[in-house]
Structure formats: structure tokens, C-alpha cells
Amino acid sequence: MNFKDIANVSGKPGLYRVLKPTRSGVILESLDEKKAKFVAGMSSRVSILSDISIYTLTEEGAEPLESVMKKIEAEYQGDTGVDASSSDAELRAFLKSILPEFDEARVYTSDIKKLNAWYQIIRKQAPEVLQDNPKEEKEE
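Under numbering that gives the first Met the number 0, the first residue of the sequence shown carries the number 0, and numbering increases by one thereafter.
Simulated from the structure, these hints should not be mistaken for lab results.
Fair warning: there could be bad hints in the mix.
[Stated by the list, open to error] The following label-pair restraints were derived from C-beta to C-beta distances:
{"no.": "1", "residue 1": "D102", "residue 2": "G24", "range": "29 to 39 Å"}
{"no.": "2", "residue 1": "A92", "residue 2": "G40", "range": "31 to 41 Å"}
{"no.": "3", "residue 1": "S23", "residue 2": "P99", "range": "37 to 47 Å"}
{"no.": "4", "residue 1": "S9", "residue 2": "R105", "range": "17 to 27 Å"}
{"no.": "5", "residue 1": "K3", "residue 2": "V38", "range": "29 to 39 Å"}
{"no.": "6", "residue 1": "A83", "residue 2": "E103", "range": "12 to 22 Å"}
[As the list claims (entries may be wrong)] Result set (SDA-like, lysine to any residue): computed pairs, CA atoms no more than 20 Å apart in a straight line:
{"no.": "7", "residue 1": "K19", "residue 2": "A39"}
{"no.": "8", "residue 1": "K33", "residue 2": "G10"}
{"no.": "9", "residue 1": "K11", "residue 2": "I47"}
{"no.": "10", "residue 1": "K11", "residue 2": "S23"}
{"no.": "11", "residue 1": "K123", "residue 2": "E32"}
{"no.": "12", "residue 1": "K113", "residue 2": "A61"}
{"no.": "13", "residue 1": "K34", "residue 2": "E127"}
{"no.": "14", "residue 1": "K19", "residue 2": "V8"}
Ideal Cβ positions, reconstructed from N, Cα and C, are used throughout, including at glycine.
Input sequences plus hints: build the corresponding full structure.
As C-alpha cells, this is what we get:
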């Protein structure tokens, strides 16, 4: 599995594995113990994690979510020290330690909470996604 196989559905908590497309949408399976499956129709906003970036003040203007999560894994090894109840200052300090050039005006505290929650889900349910795997990259 990689970041192209993981999705978020707007309005639904958690992350989902993309199983296969259908005529009217895509079949998803939740990345939790339940492994619930459902069809996300055309009216659902499904975002693939490989297409998501975090705003930065660099020339590129954004950093891919995949590289940010791999930096979190390298730095914290699962214990980020923040959660949904952490203060704005703690959450922003956490992201600044990983991505010092993030755009503080365009990245909201709720985005940082979501980033941390997604990281924890991926680390628990699909830890192989966070590992740098040069062999896998050559195959693509």
C-alpha cells in the first residue's frame, strides 16, 4: 500500500483504503479494526492522500503530505507529543519542528490536528507507507 491507495472522505472521520472504482464512484474500506466497506458516490468528496499538500513559503508553495508524514516518522517515531486537545501554540510548534517554512496564515490549527490524526492512523494500520522504500519507487 502507498499514499495513492489511501483516501479521506469529506464529512467522514478517519482514512480509507481505495479498493476499486465502480461506475458510480469508488469502493472504500476503512483503515480501522472494523474494515467497513462502502461505495463513495460521485457526490462524495474523496481526496487521495498523494494529492494533498501543505502550504509553505518556499518557491514551490507546498510540500506533499507524503514527505511531511515521512519527516514526522523520522523525527518522532510515533510519539508526536500532541493530540486533538493540544493548544494552538503546541500544534503550531509541532508542525514548525517538522516543516519550518509552513505558511502560518494558510495552514489552520484544524489542519494540523487532522495531519496528526492521519499520521497516527497510518502508523497503526499501514506503517509500511511511512518507510522510505527505494525498491518500490523504482517499480513505479
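Outcome of the hint check:
no.: 1; hint: D102 to G24: 29 to 39 Å; result: 33 Å, holds
no.: 2; hint: A92 to G40: 31 to 41 Å; result: 40 Å, holds
no.: 3; hint: S23 to P99: 37 to 47 Å; result: 43 Å, holds
no.: 4; hint: S9 to R105: 17 to 27 Å; result: 19 Å, holds
no.: 5; hint: K3 to V38: 29 to 39 Å; result: 19 Å, violated
no.: 6; hint: A83 to E103: 12 to 22 Å; result: 20 Å, holds
no.: 7; hint: K19 to A39; result: 11 Å, holds
no.: 8; hint: K33 to G10; result: 19 Å, holds
no.: 9; hint: K11 to I47; result: 14 Å, holds
no.: 10; hint: K11 to S23; result: 19 Å, holds
no.: 11; hint: K123 to E32; result: 10 Å, holds
no.: 12; hint: K113 to A61; result: 17 Å, holds
no.: 13; hint: K34 to E127; result: 18 Å, holds
no.: 14; hint: K19 to V8; result: 15 Å, holds
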